[in-house]
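In case you want the letters, here they are:
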Amino acid sequence: MNLLGHPQGEALLRFDNLTLGYNRHPAVHHLHGEIASGSLLAVVGPNGAGKSTLLKAIAGELRPLQGSIERSHLDRRQIAYLTQQASLDQSFPIVVHDFVAMGLWREIGAFFGLGRDRRRRVHAAIDRVGLHGLENRPIGSLSGGQLQRALFARVMLQDAPLVLLDEPYGAIDAASVRDLATLVRQWHDEGRTVIAVLHDLAHVREEYPEALLLARELVARGTPADVLSDANLQRARQRAEGHGDDTQAAVCRVDREAA
Amino acid sequence: MSDFLSSLPLFSPFVEFAFMRRALAGCLALSLGATPIGVFLMLRRMSLAGDAMSHAILPGAAIGYLIAGLSLPAMTIGGLVAGLAVALLAGGVARNTVIKEDTSLATFYLLSLSAGVLIISLRGSSVDLLHVLFGSVLALDDPALLLLGAFASLSIVALAVGLRLFVLEACDPSFLARISRLSPLAHYGFMVLLVLNLVAGFHALGTLMAVGIMILPAAAARLWVCNVAPLLLLASATAFAGSLAGLLLSYHINLPAGPAIVLTLGAIYLLSLALGPLGPLASRWRSGWHFER
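Heads up: the protein sequence lines correspond to chains A and B, in order. Per my numbering, the first sequence runs over residues 1 to 259. Per my numbering, the second sequence runs over residues 1 to 293.
You may find that some hints are simply not true.
What the hints assert, rightly or not - Just so you have them, the derived chain A footprint on chain B, three or more residues with Cβ under 8 Å:
1) 19-25
2) 167-174
3) 217-231
Unchecked claim - Using C-beta positions, here's what the derived DEER-type ranges look like:
4) B:Pro-230 with A:Glu-70: 32 to 38 Å
5) B:Leu-70 with A:Gly-115: 49 to 55 Å
6) A:Glu-70 with B:Ala-68: 19 to 25 Å
7) A:Asp-127 with B:Pro-280: 34 to 40 Å
8) B:Ala-150 with A:Ser-87: 30 to 36 Å
9) B:Ala-94 with A:Arg-71: 41 to 47 Å
10) A:Asp-75 with B:Pro-256: 55 to 61 Å
11) B:Gly-92 with A:Ser-91: 24 to 30 Å
By construction, these hints were calculated from the structure, which means they are not laboratory data. Ideal placement from N, C-alpha and C gives every residue a C-beta, glycine not left out.
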């Protein structure tokens, strides 16, 4: 299982026999390889394939059960990570402007003021995601699509070299998906590394130069045309459904003995 | 001038009686210090946790009382130690075991409360117990007022300095944990401020009602505004206005002051439910209204 073959730049992330899981139960097994700096990578796979788990580990929020992830020159706080289930309290009394401005935390921290220049950047980010005129609206009054746009604006201001998006288009309309996908392309053009967990395979084929098919282990990696073949998708479904079998457990026992 | 003021029923009790002025000053300190903490308790959905913590300080205050009688420093230090111990233990258990934060806090506060009642009943009389449970806002002396003022000042400064941190910790805690190392400081710092203000409130209103001046004005103000800064200001103003009205009611109708203050704040909350633009009735009346965007 190898993730080698990155198209450009040097390795930003390096996986070495990476096994991830919860309460000692593995969810992703034995990943090896690299993700190059500047990649635009879609992570796809059936439910329970370990896609979100992989993102969580890349973000540094989950310690590997086995193996390691190397993040070259990247501090955890230089990663912008948009999770599937945000801990955001939508009833919180905060307006869109102040909410989006939190993306500037790395610059202003807890104690410094925004200043005119940064306010301008906050407004520009809000405009860029199509929320112009809603700056003073409480976040609780936003629709699902508008809130997702606000979250993207916050990610934008984080100005992070590595952007992780976990099912970012879950419950939003086609127009919002189109707008936000343009923003993702822009991040890629700016040289950022973007890794997105996605379910819409047509969207992946259209927008992403590279895909990684996961089903508790690596099934395939390459161009979407190669990776998302019927045979690979069928294989991924079978592996995800048959994860409780003894073969996998035997592999892990062998690993432990070898270690 | 003072003759004119003393002729007005609104001012006369405060012009004539020092104990009423002290009570009002104590309530002002609590409105400025404790009420903003109550706003954050509400925003973090921890209102009942605040109530639990107010009971948790009881055994410390009781041990202070056991050692030194009705001594302000002894009961204050005891209350602070007990409150902080329960906050740390409950937080530690919640973070490191399968027990969730609400259950963890409930277990420790129940242990703490029962230990406190036991200690007081072993040594004291029911009058002492009433003092601890219901406070004595009309009997605040200089040291008690100084204590309330000092704790309020500390709270205001801490909230002003760490406002952005506390806002983000309440609004999106996972995001804060991702982008800043100060996330634990925000959580435990807030718990320390909570305990400080509960101990201050306990001297004036007692352990049972100290949380009243935190939560009721916060909940009432939330029904009128939807941004944090105005919410903090309006909640503090509401707390002070309610305390003033409660003290006047207690003076003119001869009611116990603590419950009169908390009931007045409760009445303001009910009124806000009925009239506040974010209350259930207003949203029904204004169902035809809408903004352009």
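Comparing the hints with the structure gives:
1. With 0 residues having a beta carbon nearer than 8 Å to a beta carbon of chain A, the segment 19-25 of chain B misses the requirement of three or more and the stated coverage is violated.
2. Counting residues of the segment 167-174 of chain B whose CB lies closer than 8 Å to any CB of chain A gives 7, which reaches the minimum of 3, so the coverage claim holds.
3. For the segment 217-231 of chain B, the assignment as covered by chain A holds, since 6 residues bring a beta-carbon within under 8 Å of that chain's beta-carbons and 3 suffice.
4. The beta-carbon spacing between Pro-230 (chain B) and Glu-70 (chain A), approximately 48 Å, falls outside the hinted interval of 32 to 38 Å.
5. Distance hint for Leu-70 (chain B) and Gly-115 (chain A): a CB-CB separation of about 52 Å, consistent with the stated range 49 to 55 Å.
6. Taking 19 to 25 Å as the suggested C-beta distance range, the pair Glu-70 (chain A) and Ala-68 (chain B) does not conform, at roughly 59 Å.
7. Checked against the hint of 34 to 40 Å, the pair Asp-127 (chain A) and Pro-280 (chain B) passes, with Cβ atoms roughly 35 Å apart.
8. The given range of 30 to 36 Å is respected by Ala-150 (chain B) and Ser-87 (chain A), whose C-beta atoms sit roughly 35 Å from each other.
9. Under the hint 41 to 47 Å, the C-beta atoms of Ala-94 (chain B) and Arg-71 (chain A), about 29 Å apart, miss the expected range.
10. Hint check: Asp-75 (chain A) to Pro-256 (chain B), Cβ distance near 57 Å, so the stated range 55 to 61 Å holds.
11. The supplied range of 24 to 30 Å is met by Gly-92 (chain B) and Ser-91 (chain A), whose beta-carbon atoms lie about 28 Å from each other.
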